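Asks: Taken in order, these protein sequences are the chains called A and B. Quick note on the numbering used here: the first sequence kicks off at 446 and runs consecutively. Quick note on the numbering used here: the second sequence kicks off at 22 and runs consecutively.
One side of the interface only, derived from the structure: several residues of chain A facing chain B at Cβ under 10 angstroms:
{"no.": "1", "residue": "ILE578"}
{"no.": "2", "residue": "ILE709"}
{"no.": "3", "residue": "LEU743"}
With a straight-line Cα cutoff of 25 angstroms, these simulated DSS-like cross-link-like pairs (lysine-lysine) come out:
{"no.": "4", "chain 1": "A", "residue 1": "LYS707", "chain 2": "B", "residue 2": "LYS106"}
{"no.": "5", "chain 1": "A", "residue 1": "LYS753", "chain 2": "B", "residue 2": "LYS64"}
{"no.": "6", "chain 1": "B", "residue 1": "LYS157", "chain 2": "A", "residue 2": "LYS772"}
{"no.": "7", "chain 1": "A", "residue 1": "LYS537", "chain 2": "B", "residue 2": "LYS106"}
{"no.": "8", "chain 1": "A", "residue 1": "LYS554", "chain 2": "A", "residue 2": "LYS497"}
{"no.": "9", "chain 1": "A", "residue 1": "LYS537", "chain 2": "A", "residue 2": "LYS490"}
{"no.": "10", "chain 1": "A", "residue 1": "LYS768", "chain 2": "B", "residue 2": "LYS106"}
{"no.": "11", "chain 1": "A", "residue 1": "LYS718", "chain 2": "B", "residue 2": "LYS106"}
{"no.": "12", "chain 1": "B", "residue 1": "LYS64", "chain 2": "A", "residue 2": "LYS757"}
{"no.": "13", "chain 1": "A", "residue 1": "LYS532", "chain 2": "B", "residue 2": "LYS106"}
{"no.": "14", "chain 1": "B", "residue 1": "LYS138", "chain 2": "A", "residue 2": "LYS448"}
Because the hints were derived from the structure by calculation, they are not lab data. Quantities reported herein were computed from a predicted structural model and do not represent experimental measurements. Even for Gly, the Cβ is constructed at its ideal location relative to N, Cα and C.
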Amino acid sequence: MLKYARNKMTNVVIKDAGTLAVHGVLDDDIYSLEIDVTIQLSGFKILSLSGKWHRYTTPDCPRAIPLLQDVIGFRIDDEGFNQAVHKIIGRKACRHYANLLIECCDSAKEAVLIHKWKNARKRHPDLRFADFINGEKSESALSRVSASIRVEEERRPDERISTPKEAGSDVPGTKPSSGFTIDLHVHTYPASPCSSATEDDLIQEAKRIGLDAICLTDHNFVWDPERIRALQGKHRFLILRGNEITTDQGDILVFGLDEDIKGIISIESLRQKVMAASGFMIAAHPFRGFLTFDAAHLGMTPQKAMQKALFKQVDALEALNGKVTPKENQFAHQVAEGLNLPATGGSDAHEVFEVGQYATRFSKQIQNEAELVEALKSDNYEAIAYRKENGFD
Amino acid sequence: MPDLTTFTRNRCTSVEQIDDQTLRSSCRLQDTLTDAVVEVQVKLPDLEIMHAAGEFRRTYRGACLNTSEALQKVIGVRIGSGMLKIIEGLLAEVTECEELAFMVEECCHAVILSFTKGTLKDIPESPRDKKEFYAKMLKENTRLYNRCAAFAPGSSIIGDMPPPK
Numbered sequence: 446m447l448k449y450a451r452n453k454m455t456n457v458v459i460k461d462a463g464t465l466a467v468h469g470v471l472d473d474d475i476y477s478l479e480i481d482v483t484i485q486l487s488g489f490k491i492l493s494l495s496g497k498w499h500r501y502t503t504p505d506c507p508r509a510i511p512l513l514q515d516v517i518g519f520r521i522d523d524e525g526f527n528q529a530v531h532k533i534i535g536r537k538a539c540r541h542y543a544n545l546l547i548e549c550c551d552s553a554k555e556a557v558l559i560h561k562w563k564n565a566r567k568r569h570p571d572l573r574f575a576d577f578i579n580g581e582k583s584e585s586a587l588s589r590v591s592a593s594i595r596v597e598e599e600r601r602p603d604e605r606i607s608t609p610k611e612a613g614s615d616v617p618g619t620k621p622s623s624g625f626t627i628d629l630h631v632h633t634y635p636a637s638p639c640s641s642a643t644e645d646d647l648i649q650e651a652k653r654i655g656l657d658a659i660c661l662t663d664h665n666f667v668w669d670p671e672r673i674r675a676l677q678g679k680h681r682f683l684i685l686r687g688n689e690i691t692t693d694q695g696d697i698l699v700f701g702l703d704e705d706i707k708g709i710i711s712i713e714s715l716r717q718k719v720m721a722a723s724g725f726m727i728a729a730h731p732f733r734g735f736l737t738f739d740a741a742h743l744g745m746t747p748q749k750a751m752q753k754a755l756f757k758q759v760d761a762l763e764a765l766n767g768k769v770t771p772k773e774n775q776f777a778h779q780v781a782e783g784l785n786l787p788a789t790g791g792s793d794a795h796e797v798f799e800v801g802q803y804a805t806r807f808s809k810q811i812q813n814e815a816e817l818v819e820a821l822k823s824d825n826y827e828a829i830a831y832r833k834e835n836g837f838d
Numbered sequence: 022m023p024d025l026t027t028f029t030r031n032r033c034t035s036v037e038q039i040d041d042q043t044l045r046s047s048c049r050l051q052d053t054l055t056d057a058v059v060e061v062q063v064k065l066p067d068l069e070i071m072h073a074a075g076e077f078r079r080t081y082r083g084a085c086l087n088t089s090e091a092l093q094k095v096i097g098v099r100i101g102s103g104m105l106k107i108i109e110g111l112l113a114e115v116t117e118c119e120e121l122a123f124m125v126e127e128c129c130h131a132v133i134l135s136f137t138k139g140t141l142k143d144i145p146e147s148p149r150d151k152k153e154f155y156a157k158m159l160k161e162n163t164r165l166y167n168r169c170a171a172f173a174p175g176s177s178i179i180g181d182m183p184p185p186k
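Bound-form chain B, shown alone (with noise of 0.2 angstroms):
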């Protein structure tokens, strides 16, 4: 027999602008037991979240089908550094959807992604300047350092440096 997938699952994360001040964020799942979808409204400059709202079409988790009013909970929570914890802490006193906070997580670090995106786009093609690029990125922001397999001691980004003071 063919290995037919017992399983499928498609997530797919969006951001897009709606005005000079609002980001809206949107995560959809469609899998063999679940469609849902969660969308979230950022306001800037501090990220805070203004809106939120979902559904799950299909599931066979009870917990998930009345989400609207559990997601508003996330109402006000600031979108960085800190954040899962506060979701997941929030969502979890009234909700046992564990995916509804998931989902919520995904809007969140694709607004994040969508600014590290732009920053991004300023690296250098040369391989000296590249390194440059990261070592200054580095200076700016001692959290790099160890924050991943790339900025870990060793690397050539990081060489033998010592751990930032």
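Isolated chain A, as found in the complex (with noise of 0.2 angstroms):
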């Protein structure tokens, strides 16, 4: 017997010389919706969309349908125009909408090759398909090619990356006495296009509540030293460099790595890296699962979780994550102990009021990223809910 199915529809008609109408139907074992969505045939701009729910699962669902006005103009020949989607129907309206929305414009983006190659045959009624499609590849290569050429030259300079230099260490901590505490997981904006935070705002917010440093690990992503250090000098506060990187095993922070991975790397690989450069490999929040239910409802156990080939690819486990629900956080705590592998926190901030919400307490100051890497290492250390212990919560 199925346990669940999701049937989707799509048609694209010609209304006239200048219009694509897309009727798209998402009909699944949950949720039951259309949309129709019309878009300029020349420039692909998406002129219209409606949305109409049939089934829907709470009572707040419709309040999803005026939002989808959100993407009216926006051409979907353009290369984030999913990413945008997912970010602005899929999270602002209802992910269901965004993912009937993407199969309705790719669609019309097949059915604007057909009318194409239809007129291209008035003038070469011989002319095949494949044969008509193999023309249309060269003009579209040509044009990513100028569009990533015009998305290089738009690049910050500082974003570029770096040579490995340490940096960090003219700028002491404060509070040595009752532990240092550093925010292991940070995400900034542009260096993680998914942060809203600029680095300046959540150096300040971190100052603010009192927390001794706070560690940028933007996603595959290599901070400049020479940029560091300034922003060090500016906020007379201590910031580390670290880095989460995207395996196929998941996210995993990785510290004293100064390579710039780009791309999916295996779990494998990324631990010669790691440990050829004697960093530091986190595993960050391992056990991050799903909306509307947890690891419990699959039948994950603790034990279970332990036998991961995972977790023998890195020396610690984050353990309180500002992004998992309490007891995601509770299950990665359990598997580090029993593996008997240390835990840290980090909020895994991406908005300025979220620093600190997590952190890791150190027994001993830290003044650079190759003491951090040595403070890691030495297991002597606690993560800690740091918003809600020094009453910022």
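Put the two chains together into one complex; each comes in its own frame, and the hints tell you how they fit.
Replies: So, in structure tokens, the structure goes:
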């Protein structure tokens, strides 16, 4: 017997010389919805979008409908279109509408190819679809090259990859006697496009709540040590560099490795690189799960989780993370204890007010990245709920 | 002239439990230009992809003709938060067939939704009990806050509740 089924259907009609009309239906065991989109044929712009629910789960699902208007005017052939739909429609309105809209717009692009081929056949009746497509591909490849050149030119100079160099040795901590507390997991914009917080705002907030330091751990991003030094001088605050690297086994917080790793790396390859650099690896939010159910629903137990191959490749587990549920943090703590691995804390802040929610308290003062790695290897630290402990909750 | 369609697509994704420890999720795509199927098998309880296979029976995209080898890259990936970046990244290394990654993602989403369906079966009938049910769900899973229109500030579920700490 089927446990779940989803059917999606799209139809594209060329209404007139300038407009495509796309009708999409999504019907599954949980939801039933449909949308109608009109798209400008020449500029690929979304001209109108309407949606209708037939079945949904919460009394507030209909609130998604007016928010669909936020993508009017978007070009469906833009490189970041799907991401924008996930972010704008998926996060603000409803991810099922986002899924259906992407399906409709993909169908529209396929329909345009057919439309262009039919037009070309008026001039060349023997033109085969495959030959027409090969010609189109050459053109789009050229436009992709132009687009990537534009993106490269628009990157800020300080987003470029740095050479390895120690940073932060001239900025001492301030509270060695009561332990030394660092938020080991922080994301800044634009280094992490998913973050909304600039480094200046995050640092100011970290200082305000009395943290001793923060680690900038942007996704697959190596901070320029000179930039870090400048930030430290400007704010008189210890800023350390880390990196949250996406592997085939999930996200890993890495310290002490300056190599810029792009794409998805296997956990084994990353381990080799980090060991060669004498760095440190932490499994970030190792049990970050789902929206409406948790690991227990799947029959996952700490004993079963301890057998995961991932945990043989890391030095510690992030057992307090600000983006997971208390149950998931508790589960990570149990697994770390069972494996006799150290547990760290980090806010995973993407917004200014999140910094310091969780942190790691070390027993002694840390002044630079080399000392951070040494301290992490010492296992003389604890994960703490910093904001709650210090009345900033 | 009547409004005849230029393009039509049907995509069906389904999940079945083939034994106590294994789910099979399949995505079938049939449209004016493409006919394809992708299937993944997932091991419980950690939702790890143990097997992946697929075939593009009809496509104009040359890159999509041989996908079996590329699909092996997703074996070992765990279905869950952050999986899209991993699946797209792994497959982009070995194939330019973007539809393949999308079909794998649809299979994975379907697995998650099959468990969501189980959770939603517990929703009570009366509006008052329903509201309490969602409030409890939100308390247990703070990630739901502002995740969509239904869980955004101002909705009947969230009201003027501040962001969870």
